[in-house]
Structure formats: C-alpha cells, structure tokens
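Visitor: If you're matching them up, the sequences are chains A and B in order.
Letter by letter, the first sequence follows residues 1 to 191 in the working numbering.
Letter by letter, the second sequence follows residues 1 to 118 in the working numbering.
Think of the hints as simulated: they come from the structure by calculation, not from any bench.
Glycine included, every Cβ here is placed at the ideal spot set by N, Cα and C.
Just so you know, not all the hints are guaranteed correct.
As the list claims (entries may be wrong) - Residues from chain B that keep clear of chain A, each with C-beta distances beyond 10 Å, as calculated: (1) Y12; (2) V53; (3) N61; (4) L81; (5) G94; (6) H96; (7) E98; (8) R100.
Unchecked claim - Label-pair restraints from in silico Cβ distances: (9) A:A158 - B:D88: 27 to 33 Å; (10) B:K91 - A:I32: 22 to 28 Å; (11) A:A155 - B:L37: 34 to 40 Å.
Claimed, not checked - Only pairs whose alpha carbons sit at most 20 Å apart, straight line, appear in this in silico SDA-like list of lysine to any residue: (12) B:K55 - A:V41; (13) B:K55 - B:S74; (14) B:K91 - A:V41; (15) B:K55 - A:F182; (16) B:K55 - B:A76; (17) B:K91 - B:V80.
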Amino acid sequence: MSSKPIATSRSAAGLPTARLVTWWVIASEIFIFGGLLASYVMHRLGHPEWAAQAAHTHTWAGALNTFVLLTSSLFAVLAHKAADSGDGARAARFLRLTALGGTTFLCIKAFEWTHEIEAGFVLSSGGFWSFYYTAAGLHGLHVLAGVIIMLFFAADAARNEELQRVECIGIYWHFVDIIWIFLFPLLYIAR
Amino acid sequence: MSSPTHAHHPAYVKIWAVLVVLLMVSVLGPLTGIRWLMLLLAFGIAVVKAYLVAKNFMHVNIEQRWIAYLLIVSLALIVVLFAGVAPDVMKHRGLHWENRAAQQAVEAGAHAAGPAHE
Chain A
1 MSSKPIATSR SAAGLPTARL VTWWVIASEI FIFGGLLASY VMHRLGHPEW
51 AAQAAHTHTW AGALNTFVLL TSSLFAVLAH KAADSGDGAR AARFLRLTAL
101 GGTTFLCIKA FEWTHEIEAG FVLSSGGFWS FYYTAAGLHG LHVLAGVIIM
151 LFFAADAARN EELQRVECIG IYWHFVDIIW IFLFPLLYIA R
Chain B
1 MSSPTHAHHP AYVKIWAVLV VLLMVSVLGP LTGIRWLMLL LAFGIAVVKA
51 YLVAKNFMHV NIEQRWIAYL LIVSLALIVV LFAGVAPDVM KHRGLHWENR
101 AAQQAVEAGA HAAGPAHE
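Please model the complete structure; the sequences and the hints are all you need to start from.
Guide: Structural data, given as structure tokens:
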C-alpha cells in the first residue's frame, strides 16, 4: 500500500510542511520588498523634488492594475475554497483565471513602461525612476513567477492531484497583491 | 491534510467589493486637491486593504498564532532598518558632515519643477 506523506500529511510546527515553507518564503520576501520600499520612502522624504517626477506616472493604469490584482486574488481564494471541498476541476478553473489576471497585469505594465520609456523616462533618468523601475520590475517578476507556477499547479488540480498546493500558491499570490497595494500609492498617488 | 480554513470561508465576493470601493476612494483622493487628505486616504486605505487581504484571503487570523508573530517581527525589523538609516538619508546636513550632491539635486529639481515644488 503506497502513501504520500511528504508535504501533504506531514506536519511540522503544527501546520503542513508546504504551508510552513510558503510562510517562510513570505517572511523572506518581506525583507526584500520591505528593504526596498523603506529605502524608497526615506529617499523620497529627503528629495521633495521627486514629486514632480512622480506626476508623470499613469495613475489610472496603476489603479486598473490594482483592480486586476484584487480580482485575481478573489479568484485565488475561490480556488482554495474549491480545493478545500475536493473539487479539483473548479479549483483549476479559478487558478487559470488568477493566472489570466496576472498576465493582464503584466500587459498593462508593459503598455505603461513603453509610454514612459518613449517619453524619455528610463532607469537612469533620476533617483525616482531608478526606484520606480526597480520596485515595479521586481514585483512584476514575482507576478510572472506566480503565473507560471499557478499554471503547473492548475494542471495537477484539474486531475484532482496535489490540491494542498492550491492554498500555498494562493497565499503567495495574496502577498504579491499586498505588495502592489503599497506600491500603488507610493509610486502613483503620492505627489 | 485539510487546511485550518476548511469549512470556514467568509463571503469572499463581499470582501472583494469592499476592497474595490476602497480602491476607488484612494484614486479619487487626489481630486480633493488637499495634499494631507490625499496622502492620508492613499496610505490609510492601503493599510486597511492589506489587513483585509491578509485576514480574509490569506487567513492569517485562523492560522497558527506564531505565523502572525513571524510576520509582525519581520515588519518590525524593517521599521528598525528605517529608523537606523533614514536620518542620514533624509537629512542632507549633520553636525560634522554635509551631503552637497543631495542638496544640489534638491535645489536643481525644485528649480526645474517650478514654484509649486519649491
């Protein structure tokens, strides 16, 4: 009789190993993004002239992207709910919708960056733009990684396999959403 | 192993609707023309939105208690980083030092931006 105890039924520190790892990843991500954003805030407070540069960002594109990520987070948690009830096919559908949200986010970001680069605002245009491209770019890489992983997990979930992964990728995705929730006012609204 | 959230799923669509309304309020903030109100709305709402997502979507409230402590300690260390480094970055002049390049950048930027940013 075979069994699969690894990461599914094995429990460390009172929660499944896969979820434990996910939380540790998020704790380390807090230091990556926290350090970057804290650095941005202190520089921004020391350079009031950056407000004039921030005025060139597209607030409505940023707002639309916030809406897209919030909606994709809804799909991710609905996928978790479906996985909890053992409905892998439904969980897979919601995971794919979440991935679609992430792809839409990246397309809007590409549109935005194209316009900004064409207008002459590049990575080397000044302190504000260095932080803008670094923070948004690092966040974008996390979105891309999430989309790719989610599509793999959706394929498994569709076969009703490894459903515990649905919650883990969902927790990661909500964290990526929270990072954007703070990037939006920092880069687009504060002027 | 089932998750701790099994059979405990709040009304996610309602929470999403609240998040969208909060987003609209934060976007409309700049239209008031009052800078402090705009910043208060933008960052206050960001904190509320993050709390709603962490609590209801990430289920931190029903996760093992030490997970919340782990996240709080991580955030607290970022605050320590900020408190330790910010004075040297935000101020361009100290008792025994002066950051002339930063001062010049502020002056040049303010001059280029016009009277509104000076």
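Visitor: It remains to establish, for every hint, whether it holds in the given structure.
Guide: Evaluation of the provided hints:
{"no.": "1", "hint": "Y12", "verdict": "violated (5 Å)"}
{"no.": "2", "hint": "V53", "verdict": "violated (5 Å)"}
{"no.": "3", "hint": "N61", "verdict": "holds (13 Å)"}
{"no.": "4", "hint": "L81", "verdict": "violated (6 Å)"}
{"no.": "5", "hint": "G94", "verdict": "holds (13 Å)"}
{"no.": "6", "hint": "H96", "verdict": "holds (18 Å)"}
{"no.": "7", "hint": "E98", "verdict": "holds (14 Å)"}
{"no.": "8", "hint": "R100", "verdict": "holds (14 Å)"}
{"no.": "9", "hint": "A:A158 - B:D88: 27 to 33 Å", "verdict": "violated (54 Å)"}
{"no.": "10", "hint": "B:K91 - A:I32: 22 to 28 Å", "verdict": "holds (26 Å)"}
{"no.": "11", "hint": "A:A155 - B:L37: 34 to 40 Å", "verdict": "violated (48 Å)"}
{"no.": "12", "hint": "B:K55 - A:V41", "verdict": "violated (26 Å)"}
{"no.": "13", "hint": "B:K55 - B:S74", "verdict": "holds (17 Å)"}
{"no.": "14", "hint": "B:K91 - A:V41", "verdict": "holds (13 Å)"}
{"no.": "15", "hint": "B:K55 - A:F182", "verdict": "holds (16 Å)"}
{"no.": "16", "hint": "B:K55 - B:A76", "verdict": "holds (19 Å)"}
{"no.": "17", "hint": "B:K91 - B:V80", "verdict": "holds (18 Å)"}
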